[in-house]
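Asks: Below, each chain spelled out in residue letters.
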Amino acid sequence: PLLANSCTEQDYCLGIVVSDTYITPWDIDVDPSGHSLPKGSGSYDQGLAIYNQQCIACHGPQGKGGIRMGEKLRPLPQLVNITPLPHKSIGRYWPYATTLFDYIQRAMPFYTPKSLKPDQIYALVAYLLIENNVISKDVILTNENLAEIKMPNRNGFVCDIRPDTFNLACMQDCLTPKDKGFDLGKIVMTDSKSLQADCLLLPE
Amino acid sequence: PLLANSCTEQDYCLGIVVSDTYITPWDIDVDPSGHSLPKGSGSYDQGLAIYNQQCIACHGPQGKGGIRMGEKLRPLPQLVNITPLPHKSIGRYWPYATTLFDYIQRAMPFYTPKSLKPDQIYALVAYLLIENNVISKDVILTNENLAEIKMPNRNGFVCDIRPDTFNLACMQDCLTPKDKGFDLGKIVMTDSKSLQADCLLLPE
Amino acid sequence: SGAILLSSLKQQVIAAPKILEVPIWSKSIGNPVLHHSYGLPSNFEHQVIRRKSNPDDAPVEYVPSLDQASRSFTPLADLRGVITPNGLFFERYHGGYPNIDPQKHKLIIHGLVKRNLEITVERLKRYPSINKIYFLECSGNSYSNWGENEGSSVQGIHGLVSCAQWTGVPLSLLFREAGIDLDKAKYVIAEGADAPSMARSIAITRALDDVFVAYAQNGEALRAEQGYPLRLIVPGCEGSINIKWLRRLEVTDTPLFSRNETSKYTDLLGNDMARNASLIMEAKSVIIAPSGGQILPEKGFYEIRGFAWSGRGSITAVDVSTDGGKNWQRANISSDIFPKAITEFTFPWQFTGEKAILISRAIDETGYVQPYTQQLLKSRGHNYGYHNNSMQAWEIETNGRVQNVII
Amino acid sequence: SGAILLSSLKQQVIAAPKILEVPIWSKSIGNPVLHHSYGLPSNFEHQVIRRKSNPDDAPVEYVPSLDQASRSFTPLADLRGVITPNGLFFERYHGGYPNIDPQKHKLIIHGLVKRNLEITVERLKRYPSINKIYFLECSGNSYSNWGENEGSSVQGIHGLVSCAQWTGVPLSLLFREAGIDLDKAKYVIAEGADAPSMARSIAITRALDDVFVAYAQNGEALRAEQGYPLRLIVPGCEGSINIKWLRRLEVTDTPLFSRNETSKYTDLLGNDMARNASLIMEAKSVIIAPSGGQILPEKGFYEIRGFAWSGRGSITAVDVSTDGGKNWQRANISSDIFPKAITEFTFPWQFTGEKAILISRAIDETGYVQPYTQQLLKSRGHNYGYHNNSMQAWEIETNGRVQNVII
Ligand code: HEC
Ligand code: HEC
Ligand SMILES: [Ca+2]
Ligand SMILES: [Ca+2]
Ligand SMILES: [Ca+2]
Ligand SMILES: [Ca+2]
Ligand SMILES: [Ca+2]
Ligand SMILES: [Ca+2]
Ligand SMILES: [Co+2]
Ligand SMILES: [Co+2]
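Protein chains in written order, with the numbering used here: chain Y, 1 to 204; chain P, 1 to 204; chain L, 1 to 407; chain U, 1 to 407.
Check before you lean on any hint, since a few could be wrong.
[Said to hold, decoys possible] Below, in silico cross-link-like pairs of lysine to aspartate or glutamate (DMTMM-like), each with a Cα-Cα straight-line distance of 25 Å or less:
id, chain 1, residue 1, chain 2, residue 2
1, U, K27, P, D11
2, Y, K150, Y, E204
3, P, K114, L, D78
4, L, K184, P, D11
5, L, K264, L, D67
6, U, K114, Y, E204
7, L, K18, U, E148
No lab work stands behind these hints, which were simulated from the structure alone.
Please construct the entire structure, taking both the sequences and the accompanying hints into account.
Replies: Right, dumping it as structure tokens:
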């Protein structure tokens, strides 16, 4: 039967109005503000213990990488022109520490995600950030200080400004990239934050 | 490799040109002219014997119909307004005797089609036409006389002249078929042979 | 930030006694890639399958035939949009469907041509090709609604129609390759490689228009049920003339008058005469939801949805009545429109708990308006049965039950 | 009559030594209806399946991951037209694909809204709905061709793209129901119910434009692999943002900066900086036949076929070169054209036995012309890798072998 009066402001009256509390178990996202962080804390040593129990099989000792398994969780080569492609490691690449908390909370351990308690996650984040040389070994990570961590690559991102090539549809006797005089275009970079609607930008 | 010169007159040169003889085993259609009938002959008695061996299980004795199986092969009620729908039997409905030969040759017996020899098919056609009161019991059916048989319903077909309803898209306060005054349209019949391109017409 | 709830703005909240559970599938790993290298629907959709019609849906005196001379119906009520998934495309066989080895199959073109051609399947796929979206409908579709309304579900009554994107080579191109004798050619006899070698005659004008030899269906190879490896597509025309498992095309000056264009698929009029070659499937529509056998779980908003199609071209409009035909409104066209293809329509509707009778009415590019059954009966008499394109009415009872009614 | 052969007219006849055999399937009964109540492809098409890429197709140093954090590729070379059959739609998971009971699944809408809404799957299907044909492409598609040409087949290199008709409810409508706070809303966080609860941030302007919550794919329910029972469709944008198994939409004023929009799916430029939110999949085309790994069986006519698509709208033209890019001609568009959907093109071609290099080049409604890899490298540097929409060249060797080459 219709939920009488529960939906007077909905045109189609098909949604059920629910409370914030009701949603809590699903509302797991932690954005850079850190507002949604659960209460808790954890240290390097605690993190090491959990890591060596629950993560090492896939990510290797100290996050050095497993065989066919999880990704490397260590600082890796500089983000410069190298082959193979540079590894986008936590220490070198990730702009926010909250992302690490958010991701472990939602997705790890791989086979049993969402099984960790907040304290365990704080400890793992502390462990991994320390292994990545982001914070010092004695930091106790909590819901109070996690969002304040300044990641090394915090300002390493720009907005998408594609199209970044301007190829012409030559039809006859065209040059190809191997030919001298072929127009490769130019290097297109920008630090504009507002060119594209899709850009991820924190509120001012 | 390309079939050199085999396809000079084909734009795409992808078909292989083959002889009429090559096609013979597949070229089984028998149209009302009877030109493609294979040589052979058969009688009522021969047909009865084969029928009772190979067809009776599905079509019942004398074509009276089986249980859950083949169709009735007998003359049946007049083709007039009756419920249930009138049975379109061979004797009452089929316009050409060649159709019976063509169909048995291509499709019957149901589980082992194309297993009958021409003489057997002539015999079965003779048997069924006689059971359907189309020809007399002593006729020996052959490739010479089959196409000459005049089926009772030879002239029972007209061309499609649809659309045969002209409903209007009334939008408001419309009458429905149950209401007095609703326009059911009229009976639309025709004997025109040339109204529609799709009509099946023998060459003049 | 987003994490701060605007509690003050919030409308009255139904304080749910419980809070959301985190289901098992959010806490444990899922299936790996290539669990199915050719995928299948979720097991929770196991009821969305082809079915034989309910025995109740068959006309009185109907003798169910052997399963190789039978048909199965598409579950229309569960479909959306233009395309029928290949796995749910309706079936209709006259001798079962063969399992043809494409390496051994050939297409023969002969008769009134300069060169008899044999074309392998592999070679056929190398010709210039076309992709077209067309419906196919069995001319016996909706038979159980002829005169009486005996069917109960939209699947069982109307499920002998489906729609797919077909890929193939135009007959006009193949006939040019063979050197067709245009002065003498009047028909082409198309023939299948199945057990009964289904054969039909097609007027040459139609054959040279938009008919083609298809080898793909919805992007992949034709399904065996629909003619693998080759079938004819005769756009807008009754299903049985779209010869499946196509092996032979003979150009002639005469129709074959095969069993399936005389004994079957011809329509008896009221005066003892019958129409031959009623090929075109005329404009038709049917509401698929709500539809027969369904039960509306509650009062409230429902989107009425349905399919419309016409063998004469594009659907230009669909009208919906919710009061048994007294008043009509134009429906939304909720899919792309292609000529001779299924077009989806939708219509917003509130089920207030009062009795309602839902009907839809298709209009095509020729201006033709889908008729009431009674109009077809008047024109054709009661002996007809094929080519029933009349309107379907569904009655919604006060308790939400939906059933097939005559209006 | 047609039975009289025009022997006199006939061109030279290759007197075949044998005559046609009547195959077993024309002499014995076929399969009954409902042999498969949900049908499958012919067993002769068993090679047309999803596959993991050939190990040879993976970049050096690539560590193959667990099969629940992996992908499988669509067999593009065997497809035709606009629609990818659901069974062949590419796979990409970050924690496997869940088997969700639709009766237990819900969609939650909350955050900067007047009313938090919980919508059941059954109720969601009752809202006004749309049907749209859109491609989905993984932003990692064609990765193995970045800088080097390491892939061998079109399936292994480019098979992370597919196209389907999707049915669902616009986000703009659902947000109106929830009473979105348009002054404050900047992003919506979309989150899945799968093991890793995949989450992405979408700018609210885009979300209110053409994004919708889909529940059907090519006419039937979404496949589990593609998000059953609900997924987001973000037309033209990289696959990973089209959140599958959608359970939650939170309207916020801040992006989440989730792992899959920072660590993954961002593009490193040559100067240590990276682009975030490169969502749009730019105009791209690829020839699917002839393509890598195929062997042309003989000289003669072939129809070159390929797919083109653009995340910015409709494909307006595709050009083909058969001499490695020196000269180009406009291809035929051989399917219907839909914005942000796969469009098929064809091009007539003779294989004379001489070496040839086939390339295609897509042009979309913005005038954008698909670039050479070298042009992308110049603009972006070698550290990039996602969003590779550069041209694919196939070399035809004199013996008919087709292989992936750099031009
Ligand atoms: C059974 C294997 C397995 C286990 C155990 C495991 N992981 Fe992972 N981890 C993975 C895989 C696989 C991925 C990549 C997932 C994807 O492709 O989205 C991953 C990704 C990650 C990432 C993101 C890496 C990046 O660069 O984006 C982090 C961080 C992480 N895991 C942390 C952990 C922690 C902490 C634990 C233990 C609590 C853990 N993992 C246990 C397999 C595992
Ligand atoms: C195993 C069952 C079976 C056997 C044996 C069988 N038939 Fe049939 N017959 C059928 C079925 C089923 C049909 C209808 C096929 C269809 O739906 O297209 C049919 C149709 C026919 C028809 C067309 C009827 C009409 O009104 O259109 C003829 C004529 C016929 N059979 C003759 C024969 C003859 C002659 C034989 C024996 C040589 C034979 N049948 C053996 C099952 C059988
Ligand atoms: Ca949140
Ligand atoms: Ca012939
Ligand atoms: Ca929130
Ligand atoms: Ca009846
Ligand atoms: Ca002939
Ligand atoms: Ca490499
Ligand atoms: Co399974
Ligand atoms: Co089987």
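Asks: Now, for every hint given, state plainly whether the structure supports it.
Replies: Okay, the hints, checked on the actual structure:
1. U:K27 x P:D11: It is violated: about 35 Å lies between the C-alpha atoms, which goes past 25 Å.
2. Y:K150 x Y:E204: holds, 17 Å
3. P:K114 x L:D78: The given pair, whose Cα atoms are some 41 Å apart, is violated under the 25 Å limit.
4. L:K184 x P:D11: holds, 22 Å
5. L:K264 x L:D67: holds, 18 Å
6. U:K114 x Y:E204: Satisfied, since the Cα-Cα distance of roughly 24 Å is no more than 25 Å.
7. L:K18 x U:E148: Outside the cut-off at roughly 56 Å; violated.
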